[in-house]
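Asker: Working from the sequences, and respecting the hints, build out all of it.
Here are the chains, one letter per residue:
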Amino acid sequence: MLTISNLSCDRGDRQLFSGVSFSISAGEWLHLSGDNGVGKTSLLRLICGLGAHTDGHIAWGSDVPQAGPASRSDLREHLIYLGHQLALKDDLSALENLMTHAAVAGQALSHERAFTALAELGLRGRENLPVKVLSQGQKRRAALARLLTSDASLWVLDEPFVALDTHAQAVLTAVMNAHLTRGGMVLLTSHQAVELSGQGHVYRLAA
Amino acid sequence: MSGFTAVVKRDVVLAMRRKTEVLMAVFFFVVVAALFPLGIGPDLNTLRMVAPGILWVGALLASMLSLNRLFASDYADGTLEQMALAPTGLTQLVAGKVVAHWLLSGFPLVVLAPLLGVQFDLSATALWTLSLSLLIGTPVLSLIGSIGAALTLGVRGGEVLIAMLVLPLYVPTLVFGAGAVQAEVTGLGASAHLSILAAMTLISAVLSPWASTAALRLALES
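Quick mapping for you: the protein sequence lines, in order, are chains A and B.
All letters in the first sequence, in the order written, are residues 5 to 211 by this note's numbering.
All letters in the second sequence, in the order written, are residues 233 to 454 by this note's numbering.
Be careful, since some hints might not be right.
Capping the alpha-carbon separation at 30 angstroms, the derived lysine-lysine pairs in DSS-like fashion look like this [to be verified]:
| no. | chain 1 | residue 1 | chain 2 | residue 2 |
| --- | --- | --- | --- | --- |
| 1 | B | K251 | A | K136 |
| 2 | A | K143 | B | K251 |
| 3 | A | K136 | B | K241 |
| 4 | A | K143 | B | K241 |
| 5 | B | K241 | B | K251 |
Just so you know, the hints here were simulated from the structure itself, not pulled from any lab data.
What you are looking at is a predicted structure, and each value in this text was computed from that prediction instead of being measured.
Answerer: Written as structure tokens, this is what we have:
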């Protein structure tokens, strides 16, 4: 369970957001919405531990909320973050990217599982092409394949539907639904309406 | 496979797919070392005297050439933030990147230096000492350089800033590296110099991944 309580964040002299509180339990999803520049990406990065918040608590599991960077190393093992930058190496193939990413993160990943993940996202036959020759949408699919090869329970996705065609969007929704059914958690931002199965709500971030 | 070896392997594979970047530093070293004898003239005594300094300065600059790319591409495509989130821990991964940098920019120089030293009429023992001093000393260049590369990440004009940050810190390595060869040539024996170089390598191996990690986290927060 992820609990965010009274979180606020400053950028220079300007307050980006304040008093953000929500929680996500197993099998639940949360859709973070808000206008451009309101701090959605900053909030996601902050939750992942890629930034410092000014005030408030982030708690993972049954932890008692504590000040400062609470239980971040613990959270890191249960979290997967997909941001605007896809973290793909242009000179490596989609398969190599997937394998390398798992190896760097210290996870065991078999070739079969990586192949299955890429095929499920519609990259069958393109596994061994260098990522630089793929289209934007295909690159994003290659990055999203990470969701299927990881055992993380909390998925933090920043605009996951961007650049995807309608079919890939449906596949991604199905992948997220399967994750929720297994008792996973999804925290995502999107400018379009998101319909996922299970318990979920929309949190509107306002300045 | 631990995260450390995975990063080393990944960086070496990536470099092999873009060979020009690796070859550029090596080519630079060869050209600099080859130009000096032409400019100084054929007096063997002078050449023998300046050889250690020239080869070491060449190695220093060649190693610095590739520093600004150490973290920049990983930072730009988001791989670095994924590394920061990896359960493996960023420090271990940074150490892997530094080792890969040394393998690609330091180690080729160790192998090439004896060949280039022949142009300066260095004796066999002096050539051996030169290689040994580079083998022990060039890791310091990658290690200290990684701190500079991490601190200037995302800064405009970072290449110049790296040089200004890092070159003064390279001075002790240069003094003892070139000094080792000089001492061997004059018959004093290089063991004292080499021991101090080894000590510098060990100290920077302990401290620099930690310092680089702290600097990278700052860059990722903004």
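Asker: For each hint, tell me whether it holds in the structure or not.
Answerer: For each hint, the structure was consulted:
1. Note on K251/B and K136/A: the hinted pairing holds, with a Cα-Cα distance of about 17 angstroms set against a maximum of 30 angstroms.
2. For the proposed pair K143/A and K251/B, the alpha carbon gap of about 24 angstroms is at most 30 angstroms, so the pair holds.
3. At most 30 angstroms may separate the alpha-carbon atoms for a hinted pair to count; K136/A and K241/B meet this at roughly 20 angstroms.
4. In summary, the hint linking K143/A to K241/B is supported, as the alpha carbons are separated by about 23 angstroms, within the 30 angstroms threshold.
5. Annotation: proposed proximity of K241/B to K251/B holds, straight-line Cα distance about 15 angstroms (limit 30 angstroms).
Going down the numbered hints, you'll see the structure goes against none, and every one checks out.
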